[in-house]
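Got chain A; can you put chain B on it based on the hints?
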Amino acid sequence: MKARVTVTLKSGVLDPQGKAIEGALRSLGVEGVASVRQGKVFDVELAAADRAGAEATLKAACEKLLANVIVENYRIEVA
Amino acid sequence: MRAAVVVFPGSNREGDVARALKLATGRPPDMVWHAERDLPAGVDLVVLPGGFSYGDYLRCGAIAARAHAMDAVRAHAARGGYVLGICNGFQILCEGGLLPGVLMRNRDLRFVSKMQRIRVERADTAFTRAYAKGQAIEVAIAHGEGNYEVDDETMARLEGEGRVAFRYCDAAGAVTEAANPNGSTAGIAGIYSERLNVLGLMPHPENLVDPLVGGTDGRGLFDSLARAA
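Chains as they are written, first to last, in this note's numbering: chain A, 1 to 79; chain B, 1001 to 1229.
Isolated chain A, as found in the complex:
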């Protein structure tokens, strides 16, 4: 079973990397970009055969390691 985990900074947390990318886009002449927030994507293959088991595993993975829940949110999508 395949899944994708997306980790993003919580709103309100300063994201200097996103800001720098935003500035670079502007200097490249890419118009109409209001703001950029940078995050991470994890593509995970799971041994679990059922959806609930996969989601439980990924939730544990996010809480224990993939996200720092003080400043980051995570989203789990099981294919």
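Keep in mind that the hints were calculated from the coordinates and are not lab data. Be a bit skeptical, because a hint or two may be false.
Only part of the chain A face toward chain B is listed, based on derived beta-carbon distances under 10 Å [what the hints assert, rightly or not]:
1. 9
2. 13
3. 64
4. 65
Quick look at which bits of chain A chain B covers, simulated, 3 or more residues with Cβ under 8 Å [to be verified]:
5. 16 to 29
6. 49 to 61
For lysine to aspartate or glutamate, the following EDC-like pairs were computed, each having C-alpha atoms within a straight-line distance of at most 16 Å [what the hints assert, rightly or not]:
7. A/64 / B/1071
8. A/59 / A/45
9. A/40 / A/50
10. A/19 / B/1108
11. A/10 / B/1071
12. A/10 / B/1056
13. A/40 / B/1056
14. A/10 / A/63
Note that the structure is predicted; figures quoted are calculated from it, not measured. We put the beta carbon where it would ideally sit given N, CA and C, even for glycine.
Here is chain B on its own, set in the frame of chain A:
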């Protein structure tokens, strides 16, 4: 005082801190590989050194914070043992839940490597007795992720409980925006745990223990610890 230094893949200041500890305590610390499940018997102080554990993969200190040795460090801290995390070690302590908050990318995105004044916020802890309260000591900083962030409620608790150990300051000891090298909340350079037995700080006092390299302001921290146990 018996000290142990935990070494992770990518640590690179373990030699510096071992030297500082030997100078202050008269004996070299035990070096403990991160995969160990136990600390050497009779250890009073555990140090997490600076460096780039696991290449800063995922988040600074995130993977090191989950190493086996960290369970032993957590147990040591819970028993009231001393723990010192310097730079990457501070990041590991935050990631591992031994200290609150998180160290984010420096405000202006640059890696800063320079000499920096920090103000000793209190001189009545095991880490700072050799200093005077309000003293502006000069130490080295070298980090890309030293911007300390914490929620408002925890921040109020840190201030209220006197858990801010050091703040970035100017030569006169004034904590100003201009003296803040990385955008840290309230100019925080280091914080204590609730029981004041765990200290995490971004600067490198271990690199200022020998007049040969331009200063000895870092010695006070190790001298304080040597006297503490």
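Status of the hints after comparison with the structure:
no.: 1; hint: 9; verdict: 9 Å, holds
no.: 2; hint: 13; verdict: 7 Å, holds
no.: 3; hint: 64; verdict: 7 Å, holds
no.: 4; hint: 65; verdict: 6 Å, holds
no.: 5; hint: 16 to 29; verdict: holds (count 3)
no.: 6; hint: 49 to 61; verdict: violated (count 0)
no.: 7; hint: A/64 / B/1071; verdict: 14 Å, holds
no.: 8; hint: A/59 / A/45; verdict: 14 Å, holds
no.: 9; hint: A/40 / A/50; verdict: 25 Å, violated
no.: 10; hint: A/19 / B/1108; verdict: 10 Å, holds
no.: 11; hint: A/10 / B/1071; verdict: 28 Å, violated
no.: 12; hint: A/10 / B/1056; verdict: 21 Å, violated
no.: 13; hint: A/40 / B/1056; verdict: 14 Å, holds
no.: 14; hint: A/10 / A/63; verdict: 15 Å, holds
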